[in-house]
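Asker: Protein chains in written order, with our numbering: chain A, 574 to 754; chain B, 650 to 1083.
No lab work stands behind these hints, which were simulated from the structure alone.
Please read all numbers here as calculations on a predicted model, not as lab measurements.
Don't take every hint at face value.
[As the list claims (entries may be wrong)] Some chain A residues flagged as far from chain B (calculated, every beta-carbon gap over 12 Å):
hint, residue
1, Pro604
2, Phe609
3, Gln620
4, Val622
5, Asp631
6, Gly655
7, Leu656
8, Val657
9, Asp686
10, Glu730
[Said to hold, decoys possible] Between beta-carbon pairs, the in silico distance windows are:
hint, chain 1, residue 1, chain 2, residue 2, range
11, B, Gln979, A, Lys736, 50 to 60 Å
12, B, Phe1002, A, Trp729, 38 to 48 Å
13, B, Asp969, A, Thr721, 48 to 58 Å
14, A, Ser608, B, Ser994, 36 to 46 Å
15, A, Ala623, B, Gln746, 53 to 63 Å
16, B, Glu835, A, Asp694, 43 to 53 Å
17, B, Asp879, A, Pro718, 39 to 49 Å
18, B, Ile1064, A, Pro726, 44 to 54 Å
19, A, Gly739, B, Gly1035, 21 to 31 Å
20, A, Arg650, B, Gln933, 30 to 40 Å
21, B, Glu828, A, Lys736, 36 to 46 Å
22, B, Val817, A, Ala623, 31 to 41 Å
23, B, Glu866, A, Val688, 57 to 67 Å
Here a beta-carbon is modelled for each residue, glycine too, at the ideal position from N, C-alpha and C.
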Amino acid sequence: MTDENTAAEASAEDAAADDDAAPIETRYDVPVTFSFGDEVLHPSREQLVATATAMKADGFVSILDLFGVDYLAHPGRAVAEGLVAERFELVVTLMNHDTATRTRLRVQVPESDPVVPTLFDVYPGTEAAERETWDMFGISFDGHPDMTRILMPDGWEGHPLRKDFGIGAVPVHFKGAPAAK
Amino acid sequence: MAIIDDPQLSSSDAVPGERVYRRDGSAILRISESDAINADALTEVTADGTMVVNMGPQHPSTHGVLRLILEMEGEQVRRSKPVIGYLHTGMEKTGEQLSYLQGPTNVTRMDYASPLFSELAFSLTVEKLLGIEAPPRAQWIRMLLTELNRMSSHLLFQATNGMDMGAVSMMLFGWREREQVLRVFEKISGLRMNHNYIRPGGVAADLPDGWREDINEILDAIEPRLDEYDQLLTGQPIWRNRLQGVGTVSADECLALGVTGPLLRSTGYAWDLRRDIPYLNYEQVEFDVLVGGFGDCFDRYAIRLNEIRESIRIVRQCIDMMPPGDYRIQDKKVTPPPRGRIDESMEALIHHFKIFTEGFKVPEGEAYAAVESPRGELGCYIVSDGSAHPYRMHIRAPSFSNLQVMPHMLQDSLIADAVAIISTVDPIMGEVDR
Chain A
574 MTDENTAAEA
584 SAEDAAADDD
594 AAPIETRYDV
604 PVTFSFGDEV
614 LHPSREQLVA
624 TATAMKADGF
634 VSILDLFGVD
644 YLAHPGRAVA
654 EGLVAERFEL
664 VVTLMNHDTA
674 TRTRLRVQVP
684 ESDPVVPTLF
694 DVYPGTEAAE
704 RETWDMFGIS
714 FDGHPDMTRI
724 LMPDGWEGHP
734 LRKDFGIGAV
744 PVHFKGAPAA
754 K
Chain B
650 MAIIDDPQLS
660 SSDAVPGERV
670 YRRDGSAILR
680 ISESDAINAD
690 ALTEVTADGT
700 MVVNMGPQHP
710 STHGVLRLIL
720 EMEGEQVRRS
730 KPVIGYLHTG
740 MEKTGEQLSY
750 LQGPTNVTRM
760 DYASPLFSEL
770 AFSLTVEKLL
780 GIEAPPRAQW
790 IRMLLTELNR
800 MSSHLLFQAT
810 NGMDMGAVSM
820 MLFGWREREQ
830 VLRVFEKISG
840 LRMNHNYIRP
850 GGVAADLPDG
860 WREDINEILD
870 AIEPRLDEYD
880 QLLTGQPIWR
890 NRLQGVGTVS
900 ADECLALGVT
910 GPLLRSTGYA
920 WDLRRDIPYL
930 NYEQVEFDVL
940 VGGFGDCFDR
950 YAIRLNEIRE
960 SIRIVRQCID
970 MMPPGDYRIQ
980 DKKVTPPPRG
990 RIDESMEALI
1000 HHFKIFTEGF
1010 KVPEGEAYAA
1020 VESPRGELGC
1030 YIVSDGSAHP
1040 YRMHIRAPSF
1050 SNLQVMPHML
1060 QDSLIADAVA
1070 IISTVDPIMG
1080 EVDR
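Start from the sequences, fold in the hints, and give me the full structure.
Answerer: Set out below in structure tokens:
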């Protein structure tokens, strides 16, 4: 799918629907922006699995990465038009080997309900990455086969990569050791 | 092709000689890490004749602190689960506290066998956000050094792989050759490992006098020794029996699990970022992308051995094509003033001080850049909020993804082959756990 086609389609749709609205460019029916030459798609949580499935069928056979970002201390960031910026963001990088392109998906995840449907059924390679995202950010994945901590010890409290997780203020604790004061 | 849906079925139910593809669930043992430690699970043989065994984290062949929970049926591994996190030191969190100039000192400690690749990925991402490009000489120096680093990393693999297989002389040879490369690194960057040499905007220092002779000398020494490795190992029947047909994996499995690098290439899938999404000046040099055919341990061994030869080819071309010029960008925002200026100019002194205390500011945005490390695609994702520190710094570590394929390789193999499989996956636990 070339840029011109999509831009033309998107603007044609918009012209038909609403003359006032600025044309929102879309790919796989989700808004798209560009960041230093990379395509960035902005699906909602509900659209995530459908978008990934469509992209996989389209040649994005490999998942490179999946991780979280906590925007607690940087609320005014730019997101695609029509989207509400939430505290957490899930970033997924997919690779299309035929066209040699990487596409990023950025999913807004609200603080009040940090649950995202798992991509495990589409890309089994997300298993460890989703566990890491749960461990580090507390974003849990609905339908994941083994939603446990991966890097931190089993009994750990808190999610270290969250911005409100203290630095140097955490008592060092080990399983079975008396709690540090 | 047979697909076994029922995780309870073992390989004996398949037609002999036919390749069995399993549903993903059946290769991975989903057991809690603390349950596996309890003594009952360790000693008791369950009703279905299986037994859970912990391997590592201090097992000598686990390359650091990888722990495997293996479900054994006699001598054969059925399901398994890699347990990681023993080296987790929160380096991504640390990265948020350090300025962009200090960043490479942090990321270089992730993949300690090939530190320059992490520095390169980090620097390329910061340069993307800044909208600058390192001068040509810096780019060629980066290529020269990362290819030398690929050699030293693969030589380290040959050494540890030899040791794991019981070829102890190979261990000594591998370490010996790697040491020669590290000595060149020490001369160029001042350090054998954790160089902090590739920085945003260029490299830390120009190449020292006599670098051409030094590098040519080690290339001339190492090249014939690779032929000795071939004589020692490649054709040897014991070596072949230990590696051939062991730990096979298909290209589809690798792609679905996000596996990259020599593991993916060993399945016959030709994918190398240096050729397919070129960065630096890789489109100007000639080299071959090596692929295997069976996806077994032997292919992975052979690919790494021959990639050393390809790297030597690239290094020789880098030496020939090295242009004169700046080794770091002449942008005053990013680069501190030269040492000589500090003595004569107050402004230069202040500027120097401010760059090293406050760091330079990077425009708001998010960017991802990736390089082909000896283990696969090593990427760096940075979110900048416009300050002098990354708001979020994430490293896409190839070993982290590559480890996920291990249960699929281990399934139905002998426990003695597990050592060969771990070794040829070549995980670096520093970057797995970060």
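Asker: Give a verdict on every hint.
Answerer: Hints and how they fare:
no.	hint	verdict
1	Pro604	16 Å, holds
2	Phe609	5 Å, violated
3	Gln620	20 Å, holds
4	Val622	16 Å, holds
5	Asp631	14 Å, holds
6	Gly655	19 Å, holds
7	Leu656	15 Å, holds
8	Val657	18 Å, holds
9	Asp686	22 Å, holds
10	Glu730	15 Å, holds
11	B:Gln979 - A:Lys736: 50 to 60 Å	36 Å, violated
12	B:Phe1002 - A:Trp729: 38 to 48 Å	40 Å, holds
13	B:Asp969 - A:Thr721: 48 to 58 Å	53 Å, holds
14	A:Ser608 - B:Ser994: 36 to 46 Å	39 Å, holds
15	A:Ala623 - B:Gln746: 53 to 63 Å	38 Å, violated
16	B:Glu835 - A:Asp694: 43 to 53 Å	49 Å, holds
17	B:Asp879 - A:Pro718: 39 to 49 Å	43 Å, holds
18	B:Ile1064 - A:Pro726: 44 to 54 Å	27 Å, violated
19	A:Gly739 - B:Gly1035: 21 to 31 Å	24 Å, holds
20	A:Arg650 - B:Gln933: 30 to 40 Å	38 Å, holds
21	B:Glu828 - A:Lys736: 36 to 46 Å	43 Å, holds
22	B:Val817 - A:Ala623: 31 to 41 Å	55 Å, violated
23	B:Glu866 - A:Val688: 57 to 67 Å	59 Å, holds
In the structure shown, a violation is registered for the earlier hints numbered 2, 11, 15, 18 and 22, in ascending order.
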